[in-house]
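**Q** Sequence:
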Amino acid sequence: MSPESTVTPTPPAGAALRPSQGDPVGWTDLVASFDSCRANDNGPAITGITLDSRQVRPGDLYVGLHGLHAHGASFAASAVESGAVAVLTDEDGATLAAEAGVPIIVVDDPRAAMAVAAAKIFGRPSDAMTMFGITGTNGKTTTAFLVEAGLRAAGHHVGTIGTIGFRLDGEELPSARTTVTTPESPDLQGLFAAMAERGASDVVMEVSSHALALQRVDGTCFDVVAFTNLGRDHLDFHNTLDNYFNAKARLFTPDLARVGVINVDDPRGRQLVERMQANGVKAVTTSIHQPSDYQVTSWQAARAGAIFDVSTPSGERTLELSLPGEFNVRNAAMALAMLEAAGLAFDDVADGLCSAQVPGRMERVDLADDAPTALVDFAHTPQAIASALDAARSSVDGGRLIAVLGAGGDRDVAKRGPMGQIAAERADIVIVTDDNPRTEDPAVIRAAVLEGAHEAAGDGVIVIDGGRRREAINEALRMAEAGDVICVLGKGHETGQNIGSEVLPFDDREVIRAEWKIMARQSEEDQAR
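When we follow the numbering used here, the leftmost residue of the sequence shown carries the number 10, and every step to the right adds one.
Please keep in mind that the hints were generated in silico from the structure rather than gathered at the bench. Be aware that a few hints might be false.
[Unchecked claim] Derived EDC-like pairs: lysine to aspartate or glutamate, alpha-carbon spacing no greater than 20 angstroms straight-line:
#	residue 1	residue 2
1	K526	E484
2	K291	D264
3	K526	D516
4	K526	D302
5	K526	D406
6	K129	D44
7	K526	E511
8	K129	D117
9	K291	D318
10	K526	E464
11	K129	D32
12	K129	D274
13	K129	E181
14	K291	D302
15	K129	D264
16	K526	E490
17	K526	D379
18	K129	E372
19	K129	D178
20	K291	E206
21	K129	D232
All of these numbers come straight from a predicted model, not from anything done at the bench.
Could you put the whole structure together from the sequences, leaning on the hints where they help?
**A** As structure tokens, then:
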């Protein structure tokens, strides 16, 4: 620790993760990092940054952004009482923050400036590690786990950031979460710095479209980024598929990336390669059906997953995965391309790729030898449901495929019917249930999914309104026979269900086990009578 370094103050309860120590950033140095701003001539050294007045630590720069209901600068006085020593905001916010009595930096776009400031204040931590970023509608989490597994097999210390949480070398890093997938820039840069301080050599992270649209990863240059695919999702935020795609395409620009690995089986992937060629970012392509740098030449289902052959710039390779389905073959080929693009050798990463398991992604729930096969997956878009059920179908040996699914509330309503349609086209029995209804009437959401399922159901396909999620899972188990496969979709690794304003405990895996035990006990009691 340098003489000017400081020990990070004790954080507020539930605060985001930061390094335990760091070098303060001088006022002049901080102000000079913005392209244009209006600021006091003199100001204090800064040791941290936050946009949440409840999470301020002494020495912080407090950022006041326009919000849905209030301007963040309205809370500047509260932030100062908690130890903030300066404020970053826009012209409207400067007026609101004036009475807080601390220096103010005024910029036109405080969200963009916040990302620049966060990287600066935490010492540009991503520069000290090899950075991997993955975006796309489906497959981000699985691909991230595969890359992490390859890196760890090669002896690297790996931090991961994404839907399943924050981890270092597979161990959870407890921290408050400001978003589902990608944290806001102050929390993200603080997390990078904490990972670097704890010895991380690499960081693998999912980069959401929200994060890109809201500039959360600005100030970070990724060594390797990847695009998995583009399906229908988050149109409640982006409004159109073009807007959604353009948000993701930001990751593949010179300011954010050096090399991009692109799935060119997806038409948007091919469009993205053209953009990268125009802006000077190197593109590495992967595919099962199109000519590419990493070309899957054959694959087949295996008892534990899938076996595939892939032609690569380093030679012909064969991998046997512990994950099932064509979409996981695609994810693994992409992970291999990312690892080799970062300079790793196939022989060093292959064991990790082959043994990787992903919580809540085609995860098998062990029941009993004579029980149906039960799988849990996070699939919550039409495209992901199709991939999951196709993979599940490949493991059905003479039995039936039973799908249990629902749609989330307060989200893109137009995808609900297509979700039911896709399920009815692929499963023998479709049981529609509640996902995370949030503030909507669950019955209304189910009705939309059911309508799509009934319209698409062919002869012999059974479509049921399963009601609440536990009852729907119970119904699936009661209908299933030993050779059947039950695929419970939508929540995957999640351990809570959003109903109204509450998050109630609910883990599909635990509920499946519990309901099966109850049924088995009832069966034993009936036989004993």
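**Q** Confirm or reject each hint.
**A** Hints versus structure:
1. K526 with E484: The given pair, whose Cα atoms are some 14 angstroms apart, holds under the 20 angstroms limit.
2. K291 with D264: This hinted pair holds, its Cα atoms lying about 13 angstroms apart.
3. K526 with D516: OK: K526 and D516 at ~15 angstroms, within 20 angstroms.
4. K526 with D302: violated, 49 angstroms
5. K526 with D406: violated, 24 angstroms
6. K129 with D44: holds, 14 angstroms
7. K526 with E511: violated, 28 angstroms
8. K129 with D117: holds, 19 angstroms
9. K291 with D318: Between K291 and D318 the Cα gap is close to 25 angstroms, so the pair fails against 20 angstroms, i.e. violated.
10. K526 with E464: Cα-Cα ~35 angstroms, so violated.
11. K129 with D32: Judged against 20 angstroms, a Cα distance of about 11 angstroms means the pair holds.
12. K129 with D274: violated, 39 angstroms
13. K129 with E181: violated, 26 angstroms
14. K291 with D302: holds, 12 angstroms
15. K129 with D264: holds, 16 angstroms
16. K526 with E490: holds, 15 angstroms
17. K526 with D379: holds, 13 angstroms
18. K129 with E372: Violated, at about 40 angstroms.
19. K129 with D178: Distance ~26 angstroms between K129 and D178 Cα, so the pair is violated.
20. K291 with E206: Roughly 30 angstroms separates the two Cα atoms, so the pair is violated.
21. K129 with D232: Within the cut-off at roughly 19 angstroms; holds.
Of the numbered hints listed earlier, those contradicted by the structure are 4, 5, 7, 9, 10, 12, 13, 18, 19 and 20.
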